[in-house]
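Peer 1: Okay, here's what each chain looks like letter by letter:
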Amino acid sequence: MEKELVEYIAKSLVDDPSGVVVNMVEGEKSTILELKVSEGDIGKVIGKHGRIAKAIRTILSASSTKSGKRVVLEILD
Amino acid sequence: MEVKEFEGKNEEEAINKAIEALGLNRDDIDVEIVEAKKSSFIFGGGKVKIRVHLEEEREESTGSLEPAGDFENQIIEFIEGLIQRIGISAHVQISFREDNKIGIDIDSQDSGILIGKRGQTLEALQTIANVAASRIQDGHPRIIVDSQDYRSRRERSLVRLAYQTADEVRRTRDSKLLEAMNPFERRLIHTALSKERDVETSSEGEGLYKRVRVYYRGSRNRG
Numbered sequence: 058m059e060k061e062l063v064e065y066i067a068k069s070l071v072d073d074p075s076g077v078v079v080n081m082v083e084g085e086k087s088t089i090l091e092l093k094v095s096e097g098d099i100g101k102v103i104g105k106h107g108r109i110a111k112a113i114r115t116i117l118s119a120s121s122t123k124s125g126k127r128v129v130l131e132i133l134d
Numbered sequence: 082m083e084v085k086e087f088e089g090k091n092e093e094e095a096i097n098k099a100i101e102a103l104g105l106n107r108d109d110i111d112v113e114i115v116e117a118k119k120s121s122f123i124f125g126g127g128k129v130k131i132r133v134h135l136e137e138e139r140e141e142s143t144g145s146l147e148p149a150g151d152f153e154n155q156i157i158e159f160i161e162g163l164i165q166r167i168g169i170s171a172h173v174q175i176s177f178r179e180d181n182k183i184g185i186d187i188d189s190q191d192s193g194i195l196i197g198k199r200g201q202t203l204e205a206l207q208t209i210a211n212v213a214a215s216r217i218q219d220g221h222p223r224i225i226v227d228s229q230d231y232r233s234r235r236e237r238s239l240v241r242l243a244y245q246t247a248d249e250v251r252r253t254r255d256s257k258l259l260e261a262m263n264p265f266e267r268r269l270i271h272t273a274l275s276k277e278r279d280v281e282t283s284s285e286g287e288g289l290y291k292r293v294r295v296y297y298r299g300s301r302n303r304g
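Protein chains in written order, with the numbering used here: chain A, 58 to 134; chain B, 82 to 304.
A hint or two may mislead.
As the list claims (entries may be wrong) - In silico EDC-like pairs for lysine to aspartate or glutamate, Cα to Cα no more than 20 Å straight-line:
(1) K123(A) - E93(B)
(2) K101(A) - D134(A)
(3) K101(A) - E204(B)
(4) K60(A) - E131(A)
(5) K111(A) - E131(A)
(6) K60(A) - E85(A)
(7) K105(A) - E204(B)
(8) K130(B) - E93(B)
(9) K111(A) - E266(B)
(10) K60(A) - E93(B)
(11) K126(A) - D191(B)
(12) K68(A) - D191(B)
(13) K276(B) - D230(B)
(14) K126(A) - D98(A)
Claimed, not checked - Computed footprint of chain A on chain B, listed as stretches where at least three residues anywhere in the stretch have a Cβ under 8 Å from a Cβ of chain A:
(15) 194 to 200
(16) 210 to 221
What the hints assert, rightly or not - Over 10 Å on every C-beta distance to chain B, these chain A residues come out as not near it, computed from the model:
(17) M58
(18) E61
(19) G76
(20) M81
(21) E83
(22) G84
(23) S87
(24) K93
(25) E96
(26) I99
(27) T115
(28) S120
(29) R127
(30) L130
(31) D134
Keep in mind the hints are simulated off the structure, nothing from the lab. Computed from a predicted model, the values in this text were never measured in an experiment. The beta carbon of each residue, even a glycine, is placed where N, CA and C say it ideally should be.
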């Protein structure tokens, strides 16, 4: 669920949707989602002063509230 | 948002004056008591001062509008898809159209989650919706995302907070620092108090979320 959510948001933000990849790493206490986008699109998913990244994380935590799972987003560059 | 003040011998008289002057029903106005002096046995004549908070009228203030055109249909579809993936079922509709602004209302049983702490989830959804909107159409109207009228309720309570803080610094002849707010919220405070001659406001701190300090005029250069 959270993986699809991050994919959906990321694809709506970038120039190259086919370059969006989300890997799920299940940890002991939480799940880590690693978001990878095409090189030229990194700024698009982070935003000025990290504004977009923060918005994605906030939406993700709303989703965790609903599902009860703790999910951490990492943006790979 | 507009604010008007009325006076009467008692609360009821002040409210009746307001209702008459504004041509509204009692249920339509939001009243705050600013000052209340009880009438004294000897001198008589009590005084009650009230403040009425008026909302600016929107062309379509009630109900929802049918989405018109590709842009509106696509942005609604995008937001529906987003909320669905959060794991929440909701009904998304257009609530108003204003010059270069479109209001999106999210109707859901889980609107508390979608609003988030101090509206931060709503803010995040709005940020993403506006970036998505810019991908759908160049020079798109600004998307305002709301649920259960959270924004107008918050606006009203901030304007009220502004006036209450002004009254407080007048009493203490000092200044007061408010909690951290986003730029839109801070502007509401600055604007609400811009006409009050004896108080001043300024923002403190770094980043997107700053805090507004309300000063009593004259306290600023002291100590």
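Peer 1: Each of the hints needs a verdict: does it hold here or not?
Peer 2: Okay, the hints, checked on the actual structure:
1. K123(A) - E93(B): Cα-Cα ~46 Å, so violated.
2. K101(A) - D134(A): Given that 20 Å is the threshold and the Cα spacing comes to 12 Å, the pair holds.
3. K101(A) - E204(B): Holds: K101(A) and E204(B) sit about 18 Å apart, inside 20 Å.
4. K60(A) - E131(A): 12 Å, holds
5. K111(A) - E131(A): 11 Å, holds
6. K60(A) - E85(A): 18 Å, holds
7. K105(A) - E204(B): 16 Å, holds
8. K130(B) - E93(B): 11 Å, holds
9. K111(A) - E266(B): Between K111(A) and E266(B) the Cα gap is close to 19 Å, so the pair holds against 20 Å.
10. K60(A) - E93(B): Given that 20 Å is the threshold and the Cα spacing comes to 58 Å, the pair is violated.
11. K126(A) - D191(B): 17 Å, holds
12. K68(A) - D191(B): Distance ~25 Å between K68(A) and D191(B) Cα, so the pair is violated.
13. K276(B) - D230(B): 27 Å, violated
14. K126(A) - D98(A): 28 Å, violated
15. 194 to 200: Result for this restraint: holds, n = 3.
16. 210 to 221: holds (count 3)
17. M58: 6 Å, violated
18. E61: 5 Å, violated
19. G76: For G76(A), whose nearest Cβ neighbour in chain B is about 15 Å away, the distance exceeds 10 Å, so it holds.
20. M81: Its Cβ never comes within 10 Å of chain B, the nearest being 15 Å, so this holds.
21. E83: 18 Å, holds
22. G84: G84(A) clear of chain B: closest Cβ-Cβ about 21 Å, beyond 10 Å.
23. S87: 17 Å, holds
24. K93: 19 Å, holds
25. E96: Its Cβ never comes within 10 Å of chain B, the nearest being 19 Å, so this holds.
26. I99: 15 Å, holds
27. T115: Not fine: 4 Å to the nearest Cβ puts T115(A) too close to chain B.
28. S120: About 4 Å separates S120(A) from the closest Cβ of chain B, which leaves it inside 10 Å; violated.
29. R127: 14 Å, holds
30. L130: 12 Å, holds
31. D134: 19 Å, holds
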